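Chemist: Generate coordinates for the entire structure from the input sequences, incorporating the hints supplied.
These protein sequence lines are chains B and V, in that order. Numbers 53 to 317, taken from the working numbering, label the letters of the first sequence in order. Numbers 31 to 289, taken from the working numbering, label the letters of the second sequence in order.
No wet-lab data here; the hints were simulated from the structure. Where hints are given, some of them may not hold.
Below 16 Å or equal to it, Euclidean Cα-Cα: the simulated EDC-like pairs (lysine to aspartate or glutamate) are [said to hold, decoys possible]: (1) V/34 with V/63; (2) B/253 with V/191; (3) V/115 with B/195; (4) V/35 with V/53; (5) B/256 with V/63.
Every value quoted in this text rests on a predicted model; they were computed, and no experiment measured them.
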Amino acid sequence: MRAFHKLSQGLRDERAKAAAPAVPDSTRIETTGVLAASPAQTLYMKKIKQHRRLVLFIQVFLLVFIIAAWEICSDVGLLNSFIFSSPSRMIKSAAELYHDGNLLGHIGITLAETFGSFLLVAVFTILIAVLLWWNQTFSEILEPYFVILNSLPKSAMAPIFIVWLGNNMKTIIITAISLAVFGSILNLYTSFISTDPDKIKLIKTLHGSRIDCLTKVILPLNLPSILSILKVDIGLCLIGVVIGEFLAAKQGLGYLIIYGSQVLR
Amino acid sequence: MPPKKIFLSVKNLSHAYHTKNGETQALHDINFDLFPGEFAAIVGPSGCGKSTLLDLVAGFIPVQTGSLVYPSSERPPAIGYMLQKDHLLEYRTIYKNIILGLEIQHQLTAENIAYVRSLMEQYDIADFADAHPHELSGGMRQRAALIRTLAGHPSFLLLDEPFSALDYQTRLDVSSDIVNIIREQKVTALLVTHDLSEAISIADRIIILGKRPGSIRSIVTIDFETKHRPSPQKARLHPKFQKYFDQIWKELKSDESIS
Chain B
53 MRAFHKLSQG LRDERAKAAA PAVPDSTRIE TTGVLAASPA QTLYMKKIKQ
103 HRRLVLFIQV FLLVFIIAAW EICSDVGLLN SFIFSSPSRM IKSAAELYHD
153 GNLLGHIGIT LAETFGSFLL VAVFTILIAV LLWWNQTFSE ILEPYFVILN
203 SLPKSAMAPI FIVWLGNNMK TIIITAISLA VFGSILNLYT SFISTDPDKI
253 KLIKTLHGSR IDCLTKVILP LNLPSILSIL KVDIGLCLIG VVIGEFLAAK
303 QGLGYLIIYG SQVLR
Chain V
31 MPPKKIFLSV KNLSHAYHTK NGETQALHDI NFDLFPGEFA AIVGPSGCGK
81 STLLDLVAGF IPVQTGSLVY PSSERPPAIG YMLQKDHLLE YRTIYKNIIL
131 GLEIQHQLTA ENIAYVRSLM EQYDIADFAD AHPHELSGGM RQRAALIRTL
181 AGHPSFLLLD EPFSALDYQT RLDVSSDIVN IIREQKVTAL LVTHDLSEAI
231 SIADRIIILG KRPGSIRSIV TIDFETKHRP SPQKARLHPK FQKYFDQIWK
281 ELKSDESIS
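Modeler: Next comes the structure, spelled out in structure tokens:
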């Protein structure tokens with residue numbers, strides 16, 4: 053959410069910058085009602101900045117507070133640190149893993165698999181959602197299939213993927229993709245078909261084709277939903293990759309977790 | 031006097047919609063002619079098929095029965111269509127919105143761009159070329175939408191209640207503004223509206239449709255007997271305005287369908 057906020061803020065800033073040089077003469081200022089730098093405007097900008105600083109401060113404070121409280125609670129024995137661990141123990145074992153367990157390598161593998169599957173999910177989601185939007189019959193035929201595929205328990209499918217694809221990275225990536233892609237397609241398709249029909253009529257009135265509807269209206273208008281769907285997808289891909297690594301890997305964070313839990317046992 | 035040249039001849043036009051619940055007759059046996067350079071309006075109760083008629087003329091829906099003929103030209107004219115709202119796209123600047131049609135048609139020639147720029151100059155939105163739609167007032171947005179429509183050099187304009195989304199005060203200003211532009215451009219225009227006084231203040235002729243299935247009740251020529259057609263705002267103050275209003279109102283009332 054925060055990242056999105058920053059992004060939209062950034063966009064706004066950029067837009068403001070782009071608009072700035074176009075406001076040289078006073079008539080323009082009068083007609084738009086935008087005063088370039090009156091004291092009130094400066095005050096307003098200052099208030100916004102202050103507010104952003106306050107939010108950031110409380111966010112950082114919360115993080116520090118939670119970690120410190122955890123550490124103190126386990127130090128004085130309020131929490132059983134063998135079961136709940138503690139920040140210092142986590143840092144210690146991370147350092148140990150880093151030295152003799154190749155922690156960075158495991159993280160790197162998991163990240164690479166996550167981003168790889170995320171990219172594929174993004175491409176499939178947009179392509180298939182566009183195809184479904186393009187052809188109504190096509191979407192009528194396929195929609196129930198996507199609903200069923202989406203509701204399949206993917207973690208239960210992973211062992212089957214191992215049988216089909218082998219005990220390797222392919223299985224992990226397919227697991228991650230299967231977890232994210234069907235729901236995303238359904239969501240994006242829904243968002244596509246609920247686009248204001250008058251905007252599509254507008255393209256018609258300008259003698260545009262269906263491809264113009266897609267590139268000039270559907271895709272740009274739905275950019276916020278595309279972004280929000282992709283944001284959810286990256287989390288789902290990570291979950292899928294870790295599930296895959298639980299079952300079919302010799303590297304990666306999922307593998308480390310299984311390894312650790314077996315040691316604990 | 032020689033017979034007037036006809037721009038568009040609509041003959042025996044009927045149209046039905048099909049839904050699961052059955053067939054709905056939207057238009058029944060519509061016949062009228064439009065003359066070159068004329069500003070005609072279609073009025074009628076809601077659901078009488080006004081918009082269907084416009085969509086048929088625009089070619090958005092295929093003609094089922096009857097015909098649309100342009101007797102004085104070999105090819106159908108370039109049609110410009112204005113929707114109820116301006117539908118300016120927020121992610122494009124005003125200039126980019128205005129050239130949307132040219133972009134779609136791959137007609138972004140230096141000549142067309144110069145034409146668009148001159149229209150923007152002429153109608154006072156050149157300063158807002160790089161602004162985004164939300165920065166403009168309702169009237170300016172409507173003007174931008176009109177220039178977007180005019181950019182493709184249409185000789186025939188279809189207007190589907192283009193002012194209905196504006197509040198009353200703005201609507202009076204904007205409609206005068208838009209109508210003046212359209213008259214300056216000397217195109218033939220067909221306006222659909224449910225606002226009777228708007229139609230009388232703007233149009234040269236009013237085609238009155240009755241309730242569903244829409245058929246023509248009568249066609250009234252609006253003539254204020256002045257040398258130049260008065261502006262919509264002046265027309266509203268003209269003594270003949272009320273006479274036309276009452277006449278058409280009665281016509282519509284006889285249909286028992288005005289609420």
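Chemist: Which hint numbers does the structure go against, in order from smallest to largest?
Modeler: 3, 4, 5
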